[in-house]
Amino acid sequence: MNTAQVDAYLRRLGAERPARPTADALRRLHLRHLRAVPFENLSVHLGEEILLEEKRLLDKVVGARRGGFCYELNGAFGALLTALGFEVTLLAARVYGEEGRLGIPYDHLALRVRTVDGGDRLADVGFGTHSHFPLAFGERGEQAEPGGTFRIVEAGPDGAGRRGPGAAGTGDADGVQDGSADLDVVRDGKPQYRLEVRPRVLADFVAGAWWHSTSPASHFTRSLVCSRLTEDGGRITLGGRTLTTTSGDGARVVRDLDTDEEVLAVYRDRFGLELAGVPKVRGGADGG
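The opening position of the sequence shown corresponds to residue 488 in the working numbering, with each subsequent residue numbered one higher.
These aren't lab readings, by the way, just hints derived from the structure by calculation. Keep in mind the model is a prediction, meaning the values are calculated, not measured. Please note: incorrect hints may appear among the correct ones.
Said to hold, decoys possible - With a straight-line cut-off of 20 Å between C-alpha atoms, the simulated SDA-like cross-links for lysine to any residue are:
1) K677 - E632
2) K767 - L730
3) K542 - N489
4) K547 - R519
5) K542 - G572
6) K767 - S702
7) K677 - I639
8) K767 - D743
9) K767 - G727
10) K542 - A690
11) K677 - A631
12) K677 - R627
13) K767 - E535
14) K677 - A690
15) K767 - E749
16) K767 - T746
17) K767 - F707
18) K767 - R728
19) K767 - R739
20) K547 - T746
21) K542 - G587
22) K677 - G727
23) K542 - D691
24) K677 - G587
25) K677 - D691
26) K767 - T701
27) K677 - E586
28) K767 - H706
29) K547 - G764
30) K547 - F707
Stated by the list, open to error - Each pair of labels, with its calculated beta carbon distance range:
31) E535 - V741: 23 to 31 Å
32) G737 - A495: 32 to 40 Å
33) E761 - R588: 18 to 26 Å
Cβ coordinates follow ideal geometry from the N, Cα and C atoms, glycine included.
Using the sequences and the accompanying hints, generate a full structural model.
Written as structure tokens, this is what we have:
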């Protein structure tokens, strides 16, 4: 990223350029990203090609002022953080689904970020409802914050009864662990995703993005979602034609939108998205 791209990205977030890549600076950028850039899968249903290339991600998130799903949001955010002097590693994860089943390989992209004032953080602006701030990567106790109570713990056996490399009991002949055990990210006692700590590059996630964009089994191809964090710590979500507003204290208001004009106005006024027409679920009859 060049200086002009960095400045444009920061303007999108309503953030100033940090003097140093510190943990506090990362916290501020993370929160502003969640508030300013929506988690959305509209490209899947608008027939827009999703390319995991830095320029294309910046063109979409910064140039077109759109959102995206995990690969796009964390991919773009990782590029910004790197340009600001943070040390960023892309990590792959598999999301927990129904009955505790893990999703496909490269199901999710998250960021391991090292700051100049010590310690690594798990940053994730592409998982919908999740932590408002980066989590301490090496902390194994509870981490309470506005998004819930989180824990990062060494993962147990997978569906095949195997544990990731580096897990306790899977070391070399001398019993030495290499620190590469898979980790479970848990929110309010419920596992969210299983994180691999091996560094990845953006191109590694192409197959996962393709599957989520095309497979009938992917929840992204079966529904429309656009969601962002609000200033009071709540969330606003437009799912098809249903608008759900959740306040910081948990109170929810659900409203169905009757006309295309109402839907487009919500995209414009509440999410900053200028759309030519109401997105419709691919293969479906309407936007719901």
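Hint numbers the structure violates, sorted upward?
-> 14, 19, 20, 21, 22, 25, 33
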